[in-house]
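Number of protein chains: 4
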Amino acid sequence: MTGSADEALAELEARIRASEFHGWMGIELLELGRRAVEVALDVEDRHTNLVGHLHGGMIATVADSATGLAMRTMLEPGRDHVTVQLDLHFLAATRGARIIGRGRVVRAGRRIGYAEADVVDEEGRLVARAAATFLLTDGS
Amino acid sequence: MTGSADEALAELEARIRASEFHGWMGIELLELGRRAVEVALDVEDRHTNLVGHLHGGMIATVADSATGLAMRTMLEPGRDHVTVQLDLHFLAATRGARIIGRGRVVRAGRRIGYAEADVVDEEGRLVARAAATFLLTDGS
Amino acid sequence: MTGSADEALAELEARIRASEFHGWMGIELLELGRRAVEVALDVEDRHTNLVGHLHGGMIATVADSATGLAMRTMLEPGRDHVTVQLDLHFLAATRGARIIGRGRVVRAGRRIGYAEADVVDEEGRLVARAAATFLLTDGS
Amino acid sequence: MTGSADEALAELEARIRASEFHGWMGIELLELGRRAVEVALDVEDRHTNLVGHLHGGMIATVADSATGLAMRTMLEPGRDHVTVQLDLHFLAATRGARIIGRGRVVRAGRRIGYAEADVVDEEGRLVARAAATFLLTDGS
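Residue numbers (our numbering), protein chains in the order written: chain A, 1 to 140; chain B, 141 to 280; chain C, 281 to 420; chain D, 421 to 560.
Keep in mind that a hint or two might mislead.
Said to hold, decoys possible - Computed list of chain C residues with no C-beta within reach of chain D, every gap over 12 Å:
1) Ser284
2) Leu289
3) Ala290
4) Glu300
5) Arg314
6) Arg315
7) Asp344
8) Pro357
9) Arg387
10) Ala388
11) Gly389
12) Asp398
13) Arg409
As the list claims (entries may be wrong) - Restraint-style ranges between C-beta atoms, simulated for each label pair:
14) D:Val471 <-> C:Glu324: 24 to 34 Å
15) C:Asp286 <-> B:Arg174: 47 to 57 Å
16) A:Glu7 <-> B:Ala232: 45 to 55 Å
17) D:Glu542 <-> C:Ala373: 31 to 41 Å
18) B:Glu153 <-> A:Glu20: 25 to 35 Å
19) D:Glu451 <-> A:Ser4: 52 to 62 Å
20) A:Glu20 <-> C:Ala316: 38 to 48 Å
21) D:Asp500 <-> C:Glu324: 22 to 32 Å
22) A:Arg15 <-> B:Glu147: 48 to 58 Å
23) C:Asp286 <-> A:Gly96: 33 to 43 Å
Treat the hints as calculated values from the structure; they're not laboratory data. For glycine and all other residues, C-beta sits at the position ideal for the given N, C-alpha and C.
Please take these sequences and the hints and turn them into a complete structure.
Laid out in structure tokens, this is it:
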């Protein structure tokens with residue numbers, strides 16, 4: 001494990017960019033800082049539900065990624081996080097071709113972490129609010 | 141709009157089976173009854189997160205589909221539902237190659253609906269519990 | 281029903297101050313503005329749980345009041361709100377003798393409202409975060 | 421700490437019955453079994469909100485007690501639980517003079533517990549559904 005916090009962030013960023021899940025989903029990492037993360041999804045036809053809106057599962061996935069990655073930036077080397085709970089409030093049907101998920105850690109204790117995310121569209125309109133609880137452990 | 145409830149269910153089923161979203165995601169409709177719905181996801185490598193577990197966003201998507209489709213089976217012709225809120229409790233990391241989402245409507249009022257879902261793995265082990273709130277409208 | 285928004289707020293404030301529930305609970309209204317509300321609870325022995333901490337039900341009650349009253353300040357005369365859903369994240373065991381609930385409306389549509397609350401202690405430490413969904417109606 | 425599970429339950433029951441919080445609130449313990457707990461609240465005028473319905477905070481308190489006490493019945497001697505998160509779905513305005521909260525543990529792991537509760541009125545009508553997440557520790 002590399003020594004500095006910057007190296008740990010760089011390593012995490014490389015792993016996210018290489019992630020098959022994010023590539024397949026169409027989720028792009030915009031910014032990865034300590035405590036706060038930004039991801040984006042370019043909305044395609046395949047992401048929409050039966051009535052033509054962005055599927056709630058896609059919004060949930062963006063929120064889950066944004067909160068989970070933000071939490072991960074706070075962990076010491078060798079520590080792990082598991083998402084215990086996620087709640088989502090859908091505030092507007094999306095307009096435009098892109099959504100952005102902004103996750104930030106509100107509390108990182110020894111055993112429990114808590115993070116929130118805004119999901120906004122291109123015009124900055126609030127599409128959803130999310131909150132997530134994490135169990136933090138000393139690794140497997 | 142077709143007359144009978146059976147025809148409405150059959151029409152809904154055909155639309156789900158033709159859905160680009162479900163095809164792309166890998167979500168399959170197992171059963172669509174009035175009030176209760178079952179969907180499945182065959183877990184592939186692309187569905188997993190950085191540590192090799194099924195991504196929380198996939199579980200959220202299965203739960204969102206299971207609750208939303210269950211709600212839709214309860215609507216009179218011309219009525220619509222919008223998901224207002226979804227909460228998820230992740231209870232176990234998934235084992236096996238398939239998860240099943242079982243959604244059922246607990247309450248369908250004139251303006252508000254409420255549904256829950258179990259997400260289980262192949263051995264019937266509970267992977268997640270979900271609850272969703274819907275706004276029910278007279279359509280657009 | 282009085283004409284101006286100020287008069288409606290003053291009338292609401294008078295009703296809250298006269299409320300038997302708030303008096304019995306020990307909840308005090310600190311500030312009632314359009315969209316944002318502040319309430320306080322002076323913690324007494326009767327408010328604590330088996331291990332001596334402020335009971336989660338009290339924190340929930342403060343959060344429910346703060347979000348619900350904030351929502352009420354946004355309603356046109358004759359309109360009503362019903363709380364559909366409330367979620368709470370408990371972030372710290374309380375210290376000190378007083379908690380403050382700060383509710384604010386994030387979204388007020390025609391049929392659905394969404395509000396959040398911070399619950400803090402005397403030192404401004406975040407004790408809990410809450411979010412609530414409301415059904416908004418034209419009254420009974 | 422007493423040896424047997426029965427004695428631990430009896431001791432917990434005695435502490436709940438002597439609790440100033442439950443006495444002041446008007447919450448009565450109906451049944452305390454391993455994994456499942458039932459509590460009741462006789463609704464008085466002081467428990468109602470500005471429009472005459474049972475206050476959401478009271479329903480939250482009953483749900484918090486029912487889930488938290490159920491969780492406590494599962495703990496080995498010397499172990500502790502802390503409520504991390506609680507979510508509530510309000511499904512009907514209450515009728516009648518009494519509500520009952522039925523809590524049951526769905527999952528009790530080494531570090532995380534999960535419990536749910538139904539809140540029903542005298543006629544068995546579902547008033548609310550609740551879910552709670554707990555951090556389980558080896559005590560202070």
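Now the hints, each set against the structure:
1. No Cβ of chain D approaches the Cβ of Ser284 (chain C) within 12 Å, the least distance being about 20 Å, so the stated non-interface status holds.
2. Distance to chain D confirms Leu289 (chain C) as a non-interface residue, since its nearest Cβ pair spans about 14 Å, more than 12 Å.
3. With a minimum CB-CB distance of about 15 Å to chain D, Ala290 (chain C) clears the 12 Å threshold, and the non-interface call stands.
4. The beta carbon of Glu300 (chain C) sits about 5 Å from the closest Cβ of chain D, which is not more than 12 Å, so the claim that it is off the interface is violated.
5. Non-interface call for Arg314 (chain C) relative to chain D: holds, since the shortest CB-CB distance, roughly 18 Å, exceeds 12 Å.
6. With a minimum CB-CB distance of about 18 Å to chain D, Arg315 (chain C) clears the 12 Å threshold, and the non-interface call stands.
7. Residue placement check: Asp344 (chain C) does not keep its beta carbon more than 12 Å from all beta carbons of chain D (closest about 4 Å).
8. With a minimum CB-CB distance of about 15 Å to chain D, Pro357 (chain C) clears the 12 Å threshold, and the non-interface call stands.
9. Under the 12 Å C-beta cut-off, the non-interface status given to Arg387 (chain C) relative to chain D holds; the minimum distance is some 19 Å.
10. Distance to chain D confirms Ala388 (chain C) as a non-interface residue, since its nearest Cβ pair spans about 18 Å, more than 12 Å.
11. With a minimum CB-CB distance of about 19 Å to chain D, Gly389 (chain C) clears the 12 Å threshold, and the non-interface call stands.
12. For Asp398 (chain C), the condition that its CB be more than 12 Å from all CB atoms of chain D holds, with the nearest at approximately 16 Å.
13. Distance check on Arg409 (chain C): its Cβ comes as close as 10 Å (rounded) to a Cβ of chain D, failing to clear the 12 Å threshold; non-interface status is violated.
14. The hint said 24 to 34 Å for the Cβ distance between Val471 (chain D) and Glu324 (chain C), and at roughly 27 Å that hint holds.
15. Between Asp286 (chain C) and Arg174 (chain B) the beta carbons are some 51 Å apart, a value that agrees with the proposed interval 47 to 57 Å.
16. For Glu7 (chain A) and Ala232 (chain B), the Cβ-Cβ distance of about 33 Å falls outside the hinted range of 45 to 55 Å, so the restraint is violated.
17. The supplied range of 31 to 41 Å is met by Glu542 (chain D) and Ala373 (chain C), whose beta-carbon atoms lie about 35 Å from each other.
18. Distance hint check for Glu153 (chain B) and Glu20 (chain A): the Cβ-Cβ separation is about 31 Å, which falls inside the suggested range of 25 to 35 Å.
19. Between Glu451 (chain D) and Ser4 (chain A) the C-beta distance comes to about 56 Å, which sits within the given range of 52 to 62 Å.
20. A hinted range of 38 to 48 Å holds for the C-beta pair Glu20 (chain A) and Ala316 (chain C), which are about 45 Å apart.
21. As the Cβ distance of Asp500 (chain D) to Glu324 (chain C) is approximately 24 Å, the hint placing it in 22 to 32 Å holds.
22. Separated by about 50 Å at the C-beta atoms, Arg15 (chain A) and Glu147 (chain B) satisfy the suggested range of 48 to 58 Å.
23. Against the hinted window of 33 to 43 Å, the Cβ-Cβ separation of Asp286 (chain C) and Gly96 (chain A) comes to about 38 Å, which satisfies the hint.
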